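Trainee: Each chain, written out:
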Amino acid sequence: MRRFLVLLLIVTVAGFSAFAQNQPTKLTLWTFQELHLAFYSAAVKAWNTQNPGKQIDLDGQVFPYADMHNKLLVAVQSGVGAPDIADIEISKFPNFLQGNIGLVPLNDVIDPFRDKFVQARLAIYAKDGKNYGLPFHVGASVMYYNMDIMKAAGVNIDKIESWDDYVKAGQQVVAKTGKPMVTVETTDQWSYWPLIAEQKSDFFDPKGKVWLDNPTNVKTLQFLQDLVYKYKIAVTAPGGFHHSEQYYGAMNSGSFGSIWMPMWYMGRFTDYMPDLAGKIAIRPMPRWTKGGFRSAGMGGTGTAVLTQSQHIDLAKKFLFFAKGSKQGNIMIWQVLGFDPPRWDVWADPAMSAPNKFTEYFQNGDGAFKMLLAVKDEIYPVTLTAQTPDLTDMVRNNIMVQVIQDRSKTPEQALKEAADQLRK
Amino acid sequence: MRRSIGSARFSPYLFVLPFIVTFLVFYLYPLVSTVIMSFQEIVPGQTHWIGTLNYERLLNPFMYTAIWNSFRYTVFTILILIPIPVLLAVMLNRPGNPANVVFRGAMFLPTLVSVVVAGTIIRLLFAGSPAAIVNTILHPLGIKPTDWLLGGSASAMTLLVGMAMWRWTGVNIVYFMSGLQSIPRDLYEAADIDGASAWYKLFRVTVPLLKPTIIFVTTISVFGGFAMFEESYILWAGQSGGGSPNNVGLTMVGYIYLKGFQGGALGLGSAIGMILLAIVLGVSFLVLNLFGFFKRDEA
Chain C
1 MRRFLVLLLI
11 VTVAGFSAFA
21 QNQPTKLTLW
31 TFQELHLAFY
41 SAAVKAWNTQ
51 NPGKQIDLDG
61 QVFPYADMHN
71 KLLVAVQSGV
81 GAPDIADIEI
91 SKFPNFLQGN
101 IGLVPLNDVI
111 DPFRDKFVQA
121 RLAIYAKDGK
131 NYGLPFHVGA
141 SVMYYNMDIM
151 KAAGVNIDKI
161 ESWDDYVKAG
171 QQVVAKTGKP
181 MVTVETTDQW
191 SYWPLIAEQK
201 SDFFDPKGKV
211 WLDNPTNVKT
221 LQFLQDLVYK
231 YKIAVTAPGG
241 FHHSEQYYGA
251 MNSGSFGSIW
261 MPMWYMGRFT
271 DYMPDLAGKI
281 AIRPMPRWTK
291 GGFRSAGMGG
301 TGTAVLTQSQ
311 HIDLAKKFLF
321 FAKGSKQGNI
331 MIWQVLGFDP
341 PRWDVWADPA
351 MSAPNKFTEY
361 FQNGDGAFKM
371 LLAVKDEIYP
381 VTLTAQTPDL
391 TDMVRNNIMV
401 QVIQDRSKTP
411 EQALKEAADQ
421 LRK
Chain R
1 MRRSIGSARF
11 SPYLFVLPFI
21 VTFLVFYLYP
31 LVSTVIMSFQ
41 EIVPGQTHWI
51 GTLNYERLLN
61 PFMYTAIWNS
71 FRYTVFTILI
81 LIPIPVLLAV
91 MLNRPGNPAN
101 VVFRGAMFLP
111 TLVSVVVAGT
121 IIRLLFAGSP
131 AAIVNTILHP
141 LGIKPTDWLL
151 GGSASAMTLL
161 VGMAMWRWTG
171 VNIVYFMSGL
181 QSIPRDLYEA
191 ADIDGASAWY
201 KLFRVTVPLL
211 KPTIIFVTTI
221 SVFGGFAMFE
231 ESYILWAGQS
241 GGGSPNNVGL
251 TMVGYIYLKG
261 FQGGALGLGS
271 AIGMILLAIV
281 LGVSFLVLNL
291 FGFFKRDEA
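Quick note, the sequences are listed as chains C and R, same order.
Note that the numbering used here has the first sequence beginning at 1, numbered continuously upward.
Note that the numbering used here has the second sequence beginning at 1, numbered continuously upward.
Keep in mind the hints are simulated off the structure, nothing from the lab.
Only a predicted model underlies this, so the values are computations on that prediction, with no experimental measurement involved.
Please note that the accuracy of each hint is not assured.
[What the hints assert, rightly or not] Below, in silico cross-link-like pairs of lysine to any residue (SDA-like), each with a Cα-Cα straight-line distance of 25 Å or less:
(1) C:Lys423 x R:Val115
(2) C:Lys71 x R:Gly128
(3) C:Lys415 x R:Leu141
(4) C:Lys71 x R:Val115
(5) C:Lys317 x C:Gly15
(6) R:Lys144 x C:Val235
(7) C:Lys71 x R:Pro130
(8) C:Lys408 x R:Ser155
(9) C:Lys423 x R:Val117
(10) C:Lys209 x R:Thr52
(11) C:Lys415 x R:Pro44
(12) C:Lys127 x R:Glu41
(13) C:Lys423 x R:Lys144
(14) C:Lys232 x R:Pro130
(15) C:Lys209 x R:Pro61
(16) R:Lys144 x C:Met331
(17) C:Lys209 x R:Pro44
(18) C:Lys232 x R:Val115
(19) C:Lys423 x R:Phe261
(20) C:Lys168 x C:Lys71
(21) C:Lys207 x R:Gly263
(22) C:Lys232 x R:Gly128
(23) C:Lys423 x R:Val116
(24) C:Lys209 x R:Gly263
(25) C:Lys415 x R:Gly152
(26) C:Lys207 x R:Val115
(27) C:Lys71 x R:Gly45
(28) C:Lys54 x C:Lys317
(29) R:Lys295 x R:Met274
(30) C:Lys415 x R:Phe39
(31) C:Lys71 x R:Glu41
[Stated by the list, open to error] Interface residues of chain C toward chain R, partial, derived using beta-carbon atoms under 10 Å:
(32) Gln23
(33) Asn51
(34) Asn70
(35) Asn100
(36) Ile101
(37) Pro105
(38) Asp108
(39) Glu161
(40) Gly239
Even glycine gets a Cβ: it sits at the ideal position worked out from N, Cα and C.
Turn these sequences into a full structure, and let the hints steer you where they fit.
Mentor: Structural data, given as structure tokens:
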């Protein structure tokens, strides 16, 4: 009897483990943007079809932006509770590169294809030669015009070359339609950062020193303030930033003439502002000087594998499949509308094939051609360990003080923040 | 003779053991740990001693704003949440009105609501657009639609204190009512015989005899005021910077969270915590002194 029971136990355990081996591996993924999760779900489907022996069951969780990064940081610091894969936004990424880094180096999966990437976009998530995050996009900033308003005001957007032209067009729009030409964010950085990057300036200089209060930055912040109060062509974004529900609602009902945001904002239009379908045209941003840059590489999400993961190898391979492979990069455009970071994909015919973005935007199928035209006009941004603190100050203090309250001049606000960071 | 563990010699220590263990693990160890951490720079897996550098870094406008906000919040909540609940408690304590029970329960209900839920709903009620509920209600009264949360320091403090009032009035009423129970009835009868008015009875009989309760409530309000965090966090949780614009809602504990957890600088967070401890100790000591707590009772 005893022997029979032992035999039964062995058979059960063996059967169970064989059964378990054929079960899909569960991977947890944290992100702060639900649109990204749609992409990862599509990527997992493709992976499972192509890798029947290594099925993945993806448990993707979406958290609010600040909460996700706080939770992840605490998990990394305490050594417990981290997911297998996590999206980490560019301005929070340096927080995870301190001390004993809790992210897995991805060099071995990247190296065979390294030269096919836009190098600047790999560098922002790297430290000491090790790559810790895979980028989603180049993040080229563009201008989105509401063509109904432009037509009503008689503005020809292809004639807008410089920022002076833009201001004049804005004044025409306000005079003829009574609607503001654009909104300026007061609690986020996307109205400000691309404008200084166009002028080859930044928050930190290429050596990593605080550069926040240099003359170009002061002049540009003054320009933003003037847009609202002197030229009167702009208002502060409803809700404070371009990802607020109030902004989506207002823009969707045709309240504003234009908005400058990176290409990755296209998905926000298609998913959150459906009434504007067919009315939005995308163009390069205006330039400051003749021959100046018309774009900037803005934002970014470095997706990383956590060292706490129980399935590091599988997670790395899946991550590279999703964001680093040719197929993944084409999906990045088709599902998310992002400009993928692998330049060898840009000329692929799949990039001009119809998808929900080409249908929504007036020049949707030409969006990629336009991107190719400005791809050399993107100045790389410098990230340092202080980037998170600095962007917090831009978001929480500087923009509010200068654009909303006008309690400080651009020079005062920038200098105070810079001095605090220099301590 | 073997002494068993249940004997009279060991059992006192056994009974005190749970408290001692809890005290050591959850109070003394974290306290000592925080003092040490405030002199260190802590990154994952590594700690370095940096002396008083953390404290020097705290001489910045964010810290001053946080201290000022916490201080103002505490003062306002004490000014509002002691006199009003005392009055309400006296009113609700009068016998003979059956509706009192209903009111007592209704006023206590907000305390039971989770702060997160309350904060989220208040954030939606006071949203900035003209279609938001509060703006809609105030419109016929002639008040223009305001962006309460993004509208600057005064508006933010109003919201925070308003929320505190809604939430804590009930609890304070309960405290004061239990204090009122201990006042002997015959004092009031004696006052009536002497022809005292209601105000006289209130200020000369009730309030002085409620003094121990008032001291208690004031002290916990000082702690509660300086330690306020969740209300401020939830009201501005939707902002992308993870905080209130221009720090109008930043409190000291909020600053600890911002630097210690959001920024990962646990050493700096510990330093802020030490300063908070010093401030709360100082203020409590002052308040207790003011109430004459440390004077010997005249026999």
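Trainee: Work down the list of hints and note, for each, if the structure agrees.
Mentor: These are the hints, each one checked on the structure:
{"no.": "1", "hint": "C:Lys423 x R:Val115", "verdict": "violated, 36 Å"}
{"no.": "2", "hint": "C:Lys71 x R:Gly128", "verdict": "violated, 29 Å"}
{"no.": "3", "hint": "C:Lys415 x R:Leu141", "verdict": "violated, 43 Å"}
{"no.": "4", "hint": "C:Lys71 x R:Val115", "verdict": "holds, 20 Å"}
{"no.": "5", "hint": "C:Lys317 x C:Gly15", "verdict": "violated, 28 Å"}
{"no.": "6", "hint": "R:Lys144 x C:Val235", "verdict": "holds, 18 Å"}
{"no.": "7", "hint": "C:Lys71 x R:Pro130", "verdict": "violated, 34 Å"}
{"no.": "8", "hint": "C:Lys408 x R:Ser155", "verdict": "holds, 19 Å"}
{"no.": "9", "hint": "C:Lys423 x R:Val117", "verdict": "violated, 39 Å"}
{"no.": "10", "hint": "C:Lys209 x R:Thr52", "verdict": "holds, 24 Å"}
{"no.": "11", "hint": "C:Lys415 x R:Pro44", "verdict": "violated, 31 Å"}
{"no.": "12", "hint": "C:Lys127 x R:Glu41", "verdict": "holds, 20 Å"}
{"no.": "13", "hint": "C:Lys423 x R:Lys144", "verdict": "violated, 43 Å"}
{"no.": "14", "hint": "C:Lys232 x R:Pro130", "verdict": "holds, 22 Å"}
{"no.": "15", "hint": "C:Lys209 x R:Pro61", "verdict": "holds, 21 Å"}
{"no.": "16", "hint": "R:Lys144 x C:Met331", "verdict": "violated, 48 Å"}
{"no.": "17", "hint": "C:Lys209 x R:Pro44", "verdict": "holds, 24 Å"}
{"no.": "18", "hint": "C:Lys232 x R:Val115", "verdict": "violated, 41 Å"}
{"no.": "19", "hint": "C:Lys423 x R:Phe261", "verdict": "holds, 20 Å"}
{"no.": "20", "hint": "C:Lys168 x C:Lys71", "verdict": "violated, 46 Å"}
{"no.": "21", "hint": "C:Lys207 x R:Gly263", "verdict": "holds, 22 Å"}
{"no.": "22", "hint": "C:Lys232 x R:Gly128", "verdict": "holds, 22 Å"}
{"no.": "23", "hint": "C:Lys423 x R:Val116", "verdict": "violated, 35 Å"}
{"no.": "24", "hint": "C:Lys209 x R:Gly263", "verdict": "holds, 19 Å"}
{"no.": "25", "hint": "C:Lys415 x R:Gly152", "verdict": "holds, 22 Å"}
{"no.": "26", "hint": "C:Lys207 x R:Val115", "verdict": "violated, 45 Å"}
{"no.": "27", "hint": "C:Lys71 x R:Gly45", "verdict": "holds, 17 Å"}
{"no.": "28", "hint": "C:Lys54 x C:Lys317", "verdict": "holds, 11 Å"}
{"no.": "29", "hint": "R:Lys295 x R:Met274", "verdict": "violated, 29 Å"}
{"no.": "30", "hint": "C:Lys415 x R:Phe39", "verdict": "violated, 28 Å"}
{"no.": "31", "hint": "C:Lys71 x R:Glu41", "verdict": "holds, 20 Å"}
{"no.": "32", "hint": "Gln23", "verdict": "violated, 33 Å"}
{"no.": "33", "hint": "Asn51", "verdict": "violated, 33 Å"}
{"no.": "34", "hint": "Asn70", "verdict": "holds, 5 Å"}
{"no.": "35", "hint": "Asn100", "verdict": "holds, 3 Å"}
{"no.": "36", "hint": "Ile101", "verdict": "holds, 7 Å"}
{"no.": "37", "hint": "Pro105", "verdict": "violated, 15 Å"}
{"no.": "38", "hint": "Asp108", "verdict": "violated, 23 Å"}
{"no.": "39", "hint": "Glu161", "verdict": "violated, 32 Å"}
{"no.": "40", "hint": "Gly239", "verdict": "holds, 7 Å"}
The structure fails hints 1, 2, 3, 5, 7, 9, 11, 13, 16, 18, 20, 23, 26, 29, 30, 32, 33, 37, 38 and 39 (numbered hints given earlier, in ascending order).
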